[in-house]
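A.B. asks: Each chain, letter by letter, is given below.
Number of protein chains: 2
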Amino acid sequence: MEEEVVLLDFWGSMFGMRVRIALAEKGIKYEYREEDLPHKKSPLLLQMNPIHKKVPVLIHNGKPICESLIIVEYIDEVWKNIGSPLMPSDPFHRAHARFWADFIDKKIYSAGTKVWKTKGEEKPKKEFFDILKVVEGELGEKQYFGGDTFSFVDIALITYYSWFYAYETLGKFSIKAECPKLIAWVKRCLQKESVSKTLPDGEKVLEFVLLLRKFYGLDK
Amino acid sequence: MEEEVVLLDFWGSMFGMRVRIALAEKGIKYEYREEDLPHKKSPLLLQMNPIHKKVPVLIHNGKPICESLIIVEYIDEVWKNIGSPLMPSDPFHRAHARFWADFIDKKIYSAGTKVWKTKGEEKPKKEFFDILKVVEGELGEKQYFGGDTFSFVDIALITYYSWFYAYETLGKFSIKAECPKLIAWVKRCLQKESVSKTLPDGEKVLEFVLLLRKFYGLDK
Numbered sequence: 001m002e003e004e005v006v007l008l009d010f011w012g013s014m015f016g017m018r019v020r021i022a023l024a025e026k027g028i029k030y031e032y033r034e035e036d037l038p039h040k041k042s043p044l045l046l047q048m049n050p051i052h053k054k055v056p057v058l059i060h061n062g063k064p065i066c067e068s069l070i071i072v073e074y075i076d077e078v079w080k081n082i083g084s085p086l087m088p089s090d091p092f093h094r095a096h097a098r099f100w101a102d103f104i105d106k107k108i109y110s111a112g113t114k115v116w117k118t119k120g121e122e123k124p125k126k127e128f129f130d131i132l133k134v135v136e137g138e139l140g141e142k143q144y145f146g147g148d149t150f151s152f153v154d155i156a157l158i159t160y161y162s163w164f165y166a167y168e169t170l171g172k173f174s175i176k177a178e179c180p181k182l183i184a185w186v187k188r189c190l191q192k193e194s195v196s197k198t199l200p201d202g203e204k205v206l207e208f209v210l211l212l213r214k215f216y217g218l219d220k
Numbered sequence: 001m002e003e004e005v006v007l008l009d010f011w012g013s014m015f016g017m018r019v020r021i022a023l024a025e026k027g028i029k030y031e032y033r034e035e036d037l038p039h040k041k042s043p044l045l046l047q048m049n050p051i052h053k054k055v056p057v058l059i060h061n062g063k064p065i066c067e068s069l070i071i072v073e074y075i076d077e078v079w080k081n082i083g084s085p086l087m088p089s090d091p092f093h094r095a096h097a098r099f100w101a102d103f104i105d106k107k108i109y110s111a112g113t114k115v116w117k118t119k120g121e122e123k124p125k126k127e128f129f130d131i132l133k134v135v136e137g138e139l140g141e142k143q144y145f146g147g148d149t150f151s152f153v154d155i156a157l158i159t160y161y162s163w164f165y166a167y168e169t170l171g172k173f174s175i176k177a178e179c180p181k182l183i184a185w186v187k188r189c190l191q192k193e194s195v196s197k198t199l200p201d202g203e204k205v206l207e208f209v210l211l212l213r214k215f216y217g218l219d220k
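Residue numbers (the UniProt record's numbering), protein chains in the order written: chain A, 1 to 220; chain B, 1 to 220.
If we strip away everything but chain A, and leave its shape as in the complex, we get (with noise of 0.2 Å):
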């Protein structure tokens, strides 16, 4: 049976662009169907994601896949003999992996939508450093999170990357003068093709970003 492979998306959703990495890191064709957010969401979205209606959601030869790291989790194990594995093979790594995505999915989102929310209040900069502060002591001297190859973690945050440019306008801060490793781990990422060519320009995100504060009556 051909594989039907079909991503419903939105460009600017970094939960989105890790399956659209995950995908490029195992070579799978796939159709690519835009969301037209915020402003209105698909009936096949709705069809698709009935529980929290929200890119991205892979559609399997019609079966839908929900929420970003257990759909990476998912391409992973069905296609798990092309490709570097994303996952470590060793339980103890794997649990480890899952902590920090599940760390990151826990607390950079909400930060980074404070700062760009509260243009350079200092609450959520101290909150949002201290949670990038806390992932940049867990890299530490490694390459990758995982080691010495791209996998799991980088994936979950290396997303992240496209709104700093939109954080840092908003939040008046430089996260390379905070948190230099990384920013050195980022560029490091970038000479991925799946990554560079998957991450849209910060300066596109920071448009996306006021737009969103106008959205949500932030500015007029």
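Just so you know, not all the hints are guaranteed correct.
Identical chains share a label here; the pair holds if one copy fits it or two copies do between them.
[To be verified] Taking lysine to aspartate or glutamate pairs in the DMTMM-like style, the calculated list, with each CA pair at most 20 Å apart, reads:
1) K63 <-> D102
2) K54 <-> E138
3) K54 <-> D102
4) K63 <-> D90
Simulated from the structure, these hints should not be mistaken for laboratory data.
Given the structure of chain A, go ahead and fit chain B onto it with the hints provided.
C.D. replies: Showing chain B alone in chain A's frame:
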């Protein structure tokens, strides 16, 4: 090498109970170390889970694994040839199980906490039942969430049952009246010794919740 398995836990934690059920399902012997919550945390807990500083932590041959669902997956992967598998073998069904366990994690704890913190208010009650009914809808006519056998999603959810009596007493409602199929599923789960021997008595949990209300300054 003899396996050294230690669990840092607290009797009333629905997250810790998940790990105890998984260990019981696999028949793993372990040393149980009780934390004195909510008053203090042991130096070992702070050392083994410096990021979240929360129970449960499974220490396996000296290495800590944190976050209950990650620990349950770890137990299933390490002791995969012992007892019944806790995760489905098919990648789509695995992703589906992870999705629902994640939904339970994201929704039920906070909704339940609002119920016992607000004592019978309408809005938290509605939110709580909206979530429970989504979960009951996913169960449908199945015996267990994964089909005919007790597995990952059942473990993720059943531990909340020990808190149902506290939710009902403080929320002034009956879960059985609203979600009879869910309570029928609870009774099936309780037939398993791994569950019935792990879950504490509802009245003991209610006493603890009343203590928590005092701890948070909600009661004198």
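A.B. asks: Which of the listed hints are broken here?
C.D. replies: Failing hints: none at all.
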